[in-house]
Amino acid sequence: MGPEAMTLMARAAAAGGAVGFRAEGALDIASIRSISSLPIIGIRKTGRSAAGGVFITPTFETAAEMAAAGADIIALDGTARPRPSGQTLAGIISRIHGELGLPVMADTDSVDSGLYAEDAGADVVGTTLSGYTTDTGVSDLPDVELVAALVAQLDHPVIAEGRYWTREEVAAAYSAGAFSVVVGSAITNPMMITRRMVAATPRAASNPVLT
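If you read the sequence shown in the working numbering, its first letter stands for residue 652, the second for the next number, and so on.
Just so you know, not all the hints are guaranteed correct.
[Stated by the list, open to error] Restraint ranges, calculated between C-beta atoms of paired labels, are given here:
#, residue 1, residue 2, range
1, G653, I844, 30 to 36 Å
2, I686, A837, 18 to 24 Å
3, D763, I686, 37 to 43 Å
4, I844, L689, 21 to 27 Å
5, R846, G653, 18 to 24 Å
6, D791, F830, 22 to 28 Å
7, S836, I686, 35 to 41 Å
8, L766, I686, 17 to 23 Å
What the hints contain is simulated information worked out from the structure, not anything from laboratory work.
Since the structure is predicted, the reported quantities are computational estimates derived from the model, not experimental observations.
Don't be surprised by glycine CBs; every beta carbon is placed ideally from N, CA and C.
Put together the whole structure using the sequences plus the hints.
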């Protein structure tokens, strides 16, 4: 969408009561920072072909870009999958803490990866990758069970993220012990929002292509 559109969405989200943002790329982060002092979780997506599937802030260098743009928290892939140039999760987190002075959110897909990320030094663990890796099944629903399991086993806060579309689902995540909930496409993707609504119409029932 570009920085201008994302910044308008951020302004509207803040007016609606959002207490922070998760933004991708230095341009979007810097633009949002220019209009808001709310915390920004910054990420950098580099493409699924890199590092055997690790594409969310896979290196310290990508983390540094987000910090320079104004991110308050760096989010990265928190699984045990390999990263570029032999970098390790623990090594990247250590450098983010030491050189950038910022906390780290680890995007995970399971209890095992949540424990791995916490051991590596992550300050907060998210359920972001549940359903999006080869180790987890695909679902249209948020993984509230993973939120509860991580809360039960981790010492650090758990952020619920991934396929949260309704306020009932958000409430369920908090009931499961989530520290906070990241809502993405349900706010920022008009095409997907429209598609979900169209899928409930009689026209969609007679023409499945519309769904």
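Quick rundown of the hints versus the structure:
| no. | hint | in the structure |
| --- | --- | --- |
| 1 | G653 to I844: 30 to 36 Å | violated (19 Å) |
| 2 | I686 to A837: 18 to 24 Å | holds (22 Å) |
| 3 | D763 to I686: 37 to 43 Å | holds (39 Å) |
| 4 | I844 to L689: 21 to 27 Å | holds (23 Å) |
| 5 | R846 to G653: 18 to 24 Å | holds (21 Å) |
| 6 | D791 to F830: 22 to 28 Å | holds (24 Å) |
| 7 | S836 to I686: 35 to 41 Å | violated (22 Å) |
| 8 | L766 to I686: 17 to 23 Å | violated (38 Å) |
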